[in-house]
Amino acid sequence: MPPFLSAGPFSARDGEGRSLFTDVSIEINEGELVVLDGPSGSGKSTLVRQLVGMVPSSNVSRELDGEVYSGLQLPRWRSRVTLVAQDAPMLAGTVGENIRFPFGQRCAGGCAPEESRLAAVMDAVGLIGIPEERDVGTLSGGERHRLALVRGLIWNPPVLIADEPLSGLDEDTAVSCFELLLDFAHCTGHAVLCVVHDRALGAKAGRRINLVGIHGESPP
Amino acid sequence: MSSLIELGPLQLAVATLLVVAAGVISLVLRLGIGRRLAVAAVRTVIQLGLLGLILERVFSLRNPVVIVGILVLMTIFAAREAASRTTRGYRGIMLDAWLAMAVSCFAVGGVVTQVVVGVEPWYEPQYVIPLIGMILGNSLTGIALGLDRFLDHLSTRHAEIELRLVFGASRREALAAPLRDAVRTGMVPIINAMAAAGIVSLPGMMTGQILAGAPPLQAVAYQIVVMFMIAAAVAGGAMMVVLLAGRHFMGPDAVLRLDRLRTAK
Chain A
0 MPPFLSAGPF SARDGEGRSL FTDVSIEINE GELVVLDGPS GSGKSTLVRQ
50 LVGMVPSSNV SRELDGEVYS GLQLPRWRSR VTLVAQDAPM LAGTVGENIR
100 FPFGQRCAGG CAPEESRLAA VMDAVGLIGI PEERDVGTLS GGERHRLALV
150 RGLIWNPPVL IADEPLSGLD EDTAVSCFEL LLDFAHCTGH AVLCVVHDRA
200 LGAKAGRRIN LVGIHGESPP
Chain B
0 MSSLIELGPL QLAVATLLVV AAGVISLVLR LGIGRRLAVA AVRTVIQLGL
50 LGLILERVFS LRNPVVIVGI LVLMTIFAAR EAASRTTRGY RGIMLDAWLA
100 MAVSCFAVGG VVTQVVVGVE PWYEPQYVIP LIGMILGNSL TGIALGLDRF
150 LDHLSTRHAE IELRLVFGAS RREALAAPLR DAVRTGMVPI INAMAAAGIV
200 SLPGMMTGQI LAGAPPLQAV AYQIVVMFMI AAAVAGGAMM VVLLAGRHFM
250 GPDAVLRLDR LRTAK
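From first to last, the protein sequence lines stand for chains A and B.
Mapping of the first sequence onto numbering that gives the first Met the number 0: residues 0 to 219, in sequence order.
Mapping of the second sequence onto numbering that gives the first Met the number 0: residues 0 to 264, in sequence order.
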């Protein structure tokens with residue numbers, strides 16, 4: 000069976016022109032949570048940004064669920080292979096606007112967030128007490144990270160790419176957030192790629208990709 | 000109506016005493032700007048003197064091609080000035096500024112001179128050059144402010160633009176917020192000027208017409224036309240320059256190319 004998602008080849012150099020990785024292709028199966036690991040500076044964020052198409056790339060092919068996405072279809076690709084970016088960026092505005100803005104964009108096709116699921120996920124990450132009218136500028140770093148994760152999960156893309164979604168969270172919260180990602184990945188028609196440093200959590204993943212001094216995927 | 004009182008060399012010499020008085024104040028208070036004041040005063044005389052000589056020649060011209068050529072030249076200088084006023088830049092900023100400037104000025108200027116004022120013949124330089132010149136001077140400010148704000152937004156708030164992109168925003172959706180921000184900023188000066196017109200400030204053109212002996216209501220009518228045409232030109236010019244600039248930083252694949260932004264100028 001062909002993989003659910005396949006994309007590549009990706010190559011990147013650091014600021015001084017040294018090669019970080021060369022010709023890396025990524026394949027993810029349906030129902031799988033893949034952990035991407037490696038020391039800081041090894042190019043994990045660069046790789047996931049290339050995967051979702053946030054940096055210029057040439058001769059890269061992207062395929063999801065049997066459908067090939069060209070350069071002009073990158074917006075649609077991103078709406079289906081969605082990045083929860085590092086450092087949990089937020090729009091200036093309220094918590095509610097930040098959760099709901101993707102549904103106002105054209106690619107949402109008029110979909111609305113599932114309110115019961117939103118409440119359940121907010122509860123699971125411990126944000127249930129935060130009103131939607133609250134300004135995101137007043138959130139703590141950990142709350143922002145959890146809100147970014149909630150936004151990604153509620154958007155409900157086939158593939159969620161999360162870049163260090165657990166940073167700044169205490170151990171218990173990190174575990175419950177990771178469980179949410181695992182549950183999400185195990186649903187039909189879904190998969191997750193997650194950059195995580197925590198070895199204990201990483202061990203729960205279906206497969207690990209290590210980005211240290213390798214030129215390609217390491218075996219599971 | 001009184002006719003125009005002509006100013007001769009004697010009158011100008013007396014006026015020079017006034018700027019000398021300003022220089023004396025600067026010296027007494029040790030403001031350290033005496034030299035700059037002197038240079039500025041000399042530049043005023045030379046630049047305006049040259050302009051006067053040129054305008055005398057231009058106003059006697061009866062050749063529409065030459066007049067349109069002068070107008071195009073004016074837009075090029077205005078575009079250069081607008082592009083040089085932004086703190087950030089990119090390759091092709093001059094061309095974008097010129098296109099926005101030329102299109103907005105000729106569209107608005109065309110409507111004003113041909114439809115509102117009804118200039119005869121259509122290229123009559125006494126009307127066309129000052130009117131287009133006023134549009135240029137003001138849309139220059141609007142375009143420079145809008146462009147500067149847009150590039151600043153791209154640079155400082157790129158995380159928000161990329162956040163929209165990762166959820167599948169199209170180029171238009173991703174750039175809508177910086178565009179609104181930029182056009183709003185570009186329009187602030189003209190909105191302030193319109194709101195304060197006649198109460199806080201007497202607009203320069205109106206004052207000039209009154210001094211030249213025009214009936215005040217006529218001068219007011221011209222000033223209203225000028226204010227409105229500037230508002231249209233600024234809105235159109237700022238929107239257009241930002242749309243053009245946006246295309247440099249984001250292609251149809253909606254990848255934000257901040258590497259094309261030049262910071263140091």
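The hints are simulated quantities; they were obtained by calculation from the structure and are not laboratory data.
Just to be clear, a hint being listed does not mean it is correct.
Claimed, not checked - Restraint-style ranges between C-beta atoms, simulated for each label pair: (1) R259/B <-> G92/A: 24 to 32 Å; (2) E131/A <-> I190/B: 30 to 38 Å; (3) R259/B <-> R17/A: 18 to 26 Å; (4) R105/A <-> V110/B: 28 to 36 Å.
What the hints assert, rightly or not - Reference excerpt, derived from the structure (chain A facing chain B, CB under 10 Å, subset only): (5) M53; (6) V67; (7) L82; (8) A84; (9) M89; (10) F100; (11) Q104; (12) A107; (13) R116; (14) A119; (15) A123.
What the hints assert, rightly or not - Just so you have them, the derived chain A footprint on chain B, three or more residues with Cβ under 8 Å: (16) 92-102; (17) 232-245.
Note that beta-carbon positions come from the ideal geometry of N, C-alpha and C, so glycine has one too.
Inset, instruction - Hint by hint, work out which the structure violates, then give me just those numbers in ascending order. - result: Structure breaks hints 6, 13, 14, 15, 16 and 17.
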